[in-house]
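K.L.:
Sequence:
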Amino acid sequence: MLTNERVQMNMYRWLFAKLPEMKLITLDLDSTVVTRNGQQEGACRGYNPGRRGRASHHPLLAFIADYRLVANFWLRPGNVYSSNNVLQFLESTLAHLEGKTVGLLRADSGFFDDAFLSALEVKHIPYIVAAKLTYPLQRKIYQVSNWWALKRGIEIGEIEYQAIGWKKARRIVVIRQSTEDREAPGKNLSLFPDDPSVKCWRYGAFVTDLALPKVEVWRTYRGRADAENRIKELKADFGLDAFNMQKFWATEAALSFAMLAYNLMSMFRQTVMRTRVQHTLSTLHGMVLALGGAWKNGSGKNHLLLSVPRKKRAWFCGLWANASGPP
Numbered sequence: 001m002l003t004n005e006r007v008q009m010n011m012y013r014w015l016f017a018k019l020p021e022m023k024l025i026t027l028d029l030d031s032t033v034v035t036r037n038g039q040q041e042g043a044c045r046g047y048n049p050g051r052r053g054r055a056s057h058h059p060l061l062a063f064i065a066d067y068r069l070v071a072n073f074w075l076r077p078g079n080v081y082s083s084n085n086v087l088q089f090l091e092s093t094l095a096h097l098e099g100k101t102v103g104l105l106r107a108d109s110g111f112f113d114d115a116f117l118s119a120l121e122v123k124h125i126p127y128i129v130a131a132k133l134t135y136p137l138q139r140k141i142y143q144v145s146n147w148w149a150l151k152r153g154i155e156i157g158e159i160e161y162q163a164i165g166w167k168k169a170r171r172i173v174v175i176r177q178s179t180e181d182r183e184a185p186g187k188n189l190s191l192f193p194d195d196p197s198v199k200c201w202r203y204g205a206f207v208t209d210l211a212l213p214k215v216e217v218w219r220t221y222r223g224r225a226d227a228e229n230r231i232k233e234l235k236a237d238f239g240l241d242a243f244n245m246q247k248f249w250a251t252e253a254a255l256s257f258a259m260l261a262y263n264l265m266s267m268f269r270q271t272v273m274r275t276r277v278q279h280t281l282s283t284l285h286g287m288v289l290a291l292g293g294a295w296k297n298g299s300g301k302n303h304l305l306l307s308v309p310r311k312k313r314a315w316f317c318g319l320w321a322n323a324s325g326p327p
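The sequence shown runs 1 to 327 under my numbering.
A hint or two may mislead.
[To be verified] Simulated restraints on C-beta separations:
no.	residue 1	residue 2	range
1	K167	R139	18 to 24 Å
2	G103	M245	36 to 42 Å
3	A261	L319	17 to 23 Å
4	K151	A225	17 to 23 Å
5	G103	S307	43 to 49 Å
FYI, nobody ran anything at the bench for these hints, they're computed from the structure. No residue lacks a Cβ here, since even glycine has one placed at the ideal position from N, Cα and C.
Using the sequences and the hints given, assemble the complete structure.
P.N.:
This is the structure we're talking about:
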């Protein structure tokens with residue numbers, strides 16, 4: 001574990017040092033379930049909504065939202081609780097971001113933990129974290145009467161809430177969306193299943209220390225959905241849910257290099273390709289990677305000859321110009 005962390009820290013610091021303009025960032029933290037087939041170390045039965053009862057790993061990931069980069073990856077056994085090791089993961093991630101300032105941290109409900117939130121407050125890191133809809137919080141939400149309608153079927157409210165074991169109350173922004181006109185995200189208030197005033201609504205809640213209007217808190221958190229897209233891409237193109245080894249730490253080490261490969265390709269797309277559409281790895285393979293080539297020696301120099309169709313040569317030369325110029 002210590003070897004993996006040391007290698008990862010050096011790897012991420014080396015990469016982020018290549019981006020001196022990356023000073024103030026938005027950090028998104030998330031977890032995912034990776035189903036495993038076999039008897040790999042750490043592959044255990046746990047929460048697995050996609051394939052119930054199957055063994056899995058439950059890794060933690062950190063993303064730099066502004067630059068579409070992975071900032072950290074920790075593998076965890078499949079049977080751990082969502083908040084397991086989140087505080088240590090935060091410290092590790094901040095170590096990777098040496099010299100960078102986290103202007104905003106967004107995280108899912110697995111990070112809804114007093115120790116985690118307190119650590120952010122001590123470090124003066126602004127945050128928006130999805131709240132677990134526990135029964136005490138549901139009771140508090142149920143008492144909200146001053147809902148503000150954003151538009152038909154979407155309403156927002158705000159409460160002060162101090163969970164059991166918390167040292168202080170915190171601001172909670174609550175959004176509810178009607179299920180009558182559309183399929184709505186969020187969860188029902190399961191504590192009041194038969195109450196007609198709430199059963200047609202689905203709720204979401206977010207704890208924050210931002211001094212922003214509640215609607216802006218909600219809209220800002222919605223940007224975290226891009227982390228889900230990054231996870232889908234890691235699974236589809238970089239082997240997050242397919243590549244594994246027998247030993248737990250070996251799997252983490254291998255997948256850490258998959259994260260490096262993802263970061264290099266993400267930087268390539270943003271600094272070299274510079275297209276409005278962020279192409280997948282399989283598309284890039286056909287566009288720019290799967291090219292015939294040969295080395296030619298002459299006049300004391302090595303020349304790389306690439307087989308590029310004539311109609312694409314000007315565009316391809318432009319990629320070389322992008323690569324040698326500023327991003």
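K.L.:
Against the range 17 to 23 Å, how does the distance between the Cβ atoms of K151 and A225 compare: consistent or not?
P.N.:
holds, 19 Å
K.L.:
For the pair G103 and S307, does the Cβ-Cβ distance stay inside 43 to 49 Å?
P.N.:
For G103 and S307 the Cβ distance comes to about 46 Å; the hint holds.
K.L.:
Using the beta carbons of A261 and L319, state whether their distance is inside 17 to 23 Å or not.
P.N.:
Because 19 Å falls inside the window, the suggested range holds.
K.L.:
Using the beta carbons of G103 and M245, state whether their distance is inside 36 to 42 Å or not.
P.N.:
holds, 37 Å
K.L.:
Using the beta carbons of K167 and R139, state whether their distance is inside 18 to 24 Å or not.
P.N.:
holds, 21 Å
Comparing the model with each earlier hint shows no violations; every hint is respected.
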